[in-house]
Amino acid sequence: MSNVLVVLEFADGKLKSSCLPGITCAKQIADTNGGELHFLVLAAEPSPLAQAVAGAGLGATTVHTMASPAFEPFTAEAWADGIVAAVHATNASVVGGTASSSLRDALPRAAALLDAALTSEVTAVGAEAVLTRPISAGRALLEQASSGDVAFFTARGSEFPPTEGGGAAATVSELETAEVSTRGVSVVDIQKTKSTRPALSEADVVVSGGRGMREGDNFKVLEELTDLLGGALGASRAATDAGMVPPDLQVGQTGKIVAPNLYIAVAISGAIQHLAGMKGSKTIVAVNKDEEAPIFQVADYGLVGKWEEELPKILELVKAAKAG
Amino acid sequence: MKILVTVKRIPDPDESLKFADGGVDYSASKWVPNAFDEYAVETALRLAEVAGSKERLAEVIVMSVCPQGQRQHVTQFLAMGAERGVVVDADDSTLDSITISKLIAEVARREEVDLVVAGKLSQDNEGNQIPQRIAGLLNWPQACFAAEVRREKDAKELTVSREVDDGVEIKKIPLPAVLSVDLRVVLPASVSNGVTAADHRYQEGARLASLRGITMAKRKKVQVHSLEDLGVQNSGSETTRAITPPPARPSGQIVASAEELVEKLKSEAKVL
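If you read the protein sequences in the order shown, they are chains Y and X.
For the first sequence, the numbering used here gives the first residue as 2, with consecutive numbering after it.
For the second sequence, the numbering used here gives the first residue as 344, with consecutive numbering after it.
Next up, chain Y with everything else stripped away, as it sits in the complex:
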């Protein structure tokens, strides 16, 4: 048995769409090692969630559930316990999911408890379960094989297409609840960033501003362009560190990794750590007054000019293009 177990996440009773690329990656691994695709649902009351996922036909043969109040809200401590118990009960040989902040928190802990290797931020699946992942801020690709009875992975969401439903329904199977403990931690509050825009890592278009925007108020013109294109707003580390916009808008090695169809970088010089977060984008546009800015080396279209002059023009032209 070399089954691949994907740990799923839910919000408001629904499967998070961010899980879908991780399922695609898991399916590719299952295809190379000849195993079945299984899902794991950890929740206080996992049955309705699991039923919905099983019916969606996402490619899994079995949806395993484990029930415990300790699974909500999410803590790495309790989830790692649940994942370890599920691996023992299902004999999974590969365990993973999309590299969300929760799975990046819980999976390595579970891997340590099982003395298992973990490959982070996988971008491609090769033969014989060799997984590729970027290192050194995306300047190199490491192809890595893991040995052992169980191997863990997290998949970079921007590198795999979301799995589509409509396949055969899966069977739901209840696992016995293991000893699950939060180790005395408590989640006091979750302050969600309120936004009517799509999530940065899932948006089709991302418009980002950098240090050259100088202050938060100046992001208004970028927000206007963002909304016109139905995209998400991003920023460089220089802009978030300066407090112009909230930190969770940061795109880069230390922020979010994005790969939209269209990435527009405004007044961003293009430090290595920023490029690491966006150079997988299909079309990259850079507007910068400094023609020597490194961002132009990755841009498909570069416009040398001040954002104060160029952005209002671009905004009007895009409006006209959309209307036409």
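Worth flagging that the hints you see were computed from the coordinates, not collected in a lab.
Small disclaimer: the values here were computed from a predicted structure and weren't measured.
Even glycine gets a Cβ: it sits at the ideal position worked out from N, Cα and C.
Pairs of lysine-lysine, DSS-like flavour, derived with a Cα cap of 27 Å:
1) Y:K314 to Y:K290
2) X:K515 to Y:K17
3) X:K345 to X:K563
4) X:K515 to Y:K193
5) X:K609 to Y:K283
6) X:K613 to Y:K307
7) Y:K290 to X:K607
8) Y:K283 to Y:K257
9) Y:K323 to X:K613
10) Y:K257 to Y:K193
11) X:K607 to Y:K320
12) Y:K320 to X:K613
13) X:K613 to Y:K314
14) X:K515 to Y:K257
15) Y:K221 to X:K609
16) X:K564 to X:K345
17) Y:K323 to X:K607
18) Y:K314 to Y:K221
19) X:K613 to Y:K283
20) Y:K314 to X:K607
21) X:K609 to Y:K323
22) Y:K17 to Y:K193
23) Y:K283 to Y:K314
24) X:K564 to X:K397
25) Y:K307 to X:K609
26) Y:K221 to X:K607
27) X:K609 to Y:K290
28) X:K515 to Y:K195
29) X:K609 to Y:K314
30) X:K609 to Y:K320
31) X:K607 to Y:K283
32) X:K613 to Y:K290
33) X:K345 to X:K397
34) Y:K307 to X:K607
35) Y:K257 to X:K613
36) Y:K221 to X:K613
Pair by pair, the computed Cβ-Cβ distance ranges are:
37) Y:A128 to X:V393: 54 to 60 Å
38) X:I597 to Y:P313: 18 to 24 Å
39) X:K373 to Y:G217: 34 to 40 Å
40) Y:E309 to X:V567: 56 to 62 Å
With the hints as your guide, set chain X onto chain Y.
Leaving out everything else, chain X in the frame of chain Y:
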């Protein structure tokens, strides 16, 4: 209180990579401390010290797994203000994440520390898994990707603001525990220990070593371990098949005007 901070050296991230024989040739690299580890040491020092006085609330120990004679980064962190060092003599590039985590967990156990502080990832390997593993091995709670860390006076717990995908999570963790820090933890008011004045503002970023710190660092104690005396075997669970440069992006074009840009986005790239 005792705080153990894990640190490593990395090839200078601003140097270009030299690809050779299916790998990267680091033989001529300049080695520097991992930036996130500098933030981890800064976090530990802010938790340990009473700003403006000589009083210390905790001992800060830095630990590194590194080849013999390659301990410059450890000395640098001692010069920043850590009290002493622990090193494991080994070529860390030959050890997998399982093994490195076991070495650190074993030292944390022997030193009976109350807190392990680590950077959230190393800029070269980008594994983002060692702190979580250490917490698992020690069966301790963990708070990863910390942007703010608060401790009340003499409290046996920390309140940590963690950066998560859709915002910020506030998590309380009892000590002993493992903390992994993100870059915003070094903003002027991101760490408080309940004793340093609440309105104290640190200089942004990790502190630089003072001249006195540099002189003192040479006299500070560094304990040397081996894998054997820590009772850890290299598990060798990870095999590198190849390291290759990513495919280059086709070179782009500079457009002359906003008009040309929007026209090309519409008719050429077809993204509007």
